[in-house]
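2 protein chains.
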Amino acid sequence: MKKRQLGPCVTFFPQPATLVVTRDAAGQSNIMMASWTGIVSKTPPTLAVSLHHSRRTYANISETGLFSVNMVPSHLVVEADFCGLASGTNLDKATITGLNVKDTPNGVPCLTESPLSVECRFTREVALGEYRLTLAEILEINADEAAFDTHGSANVLAFDPLVYLGGLREYWSLGVKQADAYRAGLKLMP
Amino acid sequence: MKKRQLGPCVTFFPQPATLVVTRDAAGQSNIMMASWTGIVSKTPPTLAVSLHHSRRTYANISETGLFSVNMVPSHLVVEADFCGLASGTNLDKATITGLNVKDTPNGVPCLTESPLSVECRFTREVALGEYRLTLAEILEINADEAAFDTHGSANVLAFDPLVYLGGLREYWSLGVKQADAYRAGLKLMP
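Protein sequence lines, in the order shown, are assigned to chains D and W.
Counting in our numbering, the final residue of the first sequence is number 278, and the numbers go up one at a time with none missing.
Counting in our numbering, the final residue of the second sequence is number 278, and the numbers go up one at a time with none missing.
Pairs involving identical chains hold if they fit within one copy or between any two copies, as the list cannot separate such chains.
Below, computed lysine-lysine pairings styled on BS3-like, alpha-carbon distance capped at 25 Å: (1) 90 to 190; (2) 275 to 265; (3) 130 to 91; (4) 190 to 91.
Please keep in mind that the hints were generated in silico from the structure rather than gathered at the bench.
Keep in mind it's a predicted model, so treat the numbers as computed, not measured.
Please put together the full structure from these sequences, using the hints given.
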């Protein structure tokens with residue numbers, strides 16, 4: 089396959105389209121779109137999200153130490169994209185989008201409309217140029233009850249997660265299941 | 089929406105299904121499946137991948153400092169899953185899967201069959217329990233020439249990226265484009 093060199097850039101996909109929810113010390117919520125986020129350890133469960141140091145979300149986490157990373161269902165693509173375009177310094181994004189923020193028993197503000205919310209407590213950060221790689225202990229994960237069957241199996245399409253294509257700047261939904269992980273590859277095992 | 093608490097765990101999706109390609113100091117290649125990876129800075133372009141400290145891939149990066157993170161096209165789901173199941177300590181995964189590893193002019197081993205390869209040079213690591221969050225400078229990104237039209241626009245479906253659903257242990261393809269990022273949300277701007 090012939091390859092085109094894109095240079096050193098940040099074109100990489102698929103990525104999760106998520107909304108990071110925070111509050112400042114006075115309790116005012118903010119909702120920010122983030123795709124530079126993911127799991128980084130199981131011992132203990134740890135999530136990382138990289139934030140520009142000028143973002144309201146970064147300031148809020150510095151103040152309170154608590155935040156959530158929320159899966160975006162496809163039908164909220166417009167609201168989510170708005171939360172990436174607008175600054176929480178000037179606008180109340182929850183009011184404008186109609187999205188709802190509610191605190192969990194752990195005191196973590198989560199997005200009511202998200203089918204998968206990861207509750208996080210800040211542990212440390214790594215400075216990377218203008219960005220801060222923010223590491224956090226996962227306190228709890230809340231999933232939409234309606235996505236589970238009576239055997240406890242979860243239906244992917246009930247979550248309907250939005251996928252972000254970084255570099256191409258497009259949002260897509262999921263299509264067709266290709267295989268079960270940790271099983272499909274067994275047929276090649278010598 | 090009623091929520092089910094999953095506890096502190098690592099159920100999080102969508103995630104990228106990628107293959108990390110390395111060589112040991114003697115030149116022997118290894119291919120490992122990884123979904124705990126993503127962009128973490130633009131200044132300069134930086135990628136992070138979290139690796140269990142016992143993995144051959146982690147040892148190889150410690151030896152050479154060079155690796156690539158390669159998008160998996162959907163049709164290689166079986167080969168990719170095998171590269172997550174098998175250990176490079178005992179098996180030559182390239183030979184078994186039929187996948188090909190070739191060094192770029194930067195000396196970075198990349199997967200020939202991948203439509204998007206990110207060439208990386210190790211910069212530093214963060215210990216997180218049994219895992220090492222490995223940070224790397226992005227040296228180059230190589231994309232399948234056939235995915236671009238004459239205007240330079242890239243066709244998502246030509247990449248056909250595989251998406252991993254962590255926690256549910258399923259691989260999916262992309263479905264339908266939902267919106268353009270940085271544009272769809274403008275309609276909510278006051």
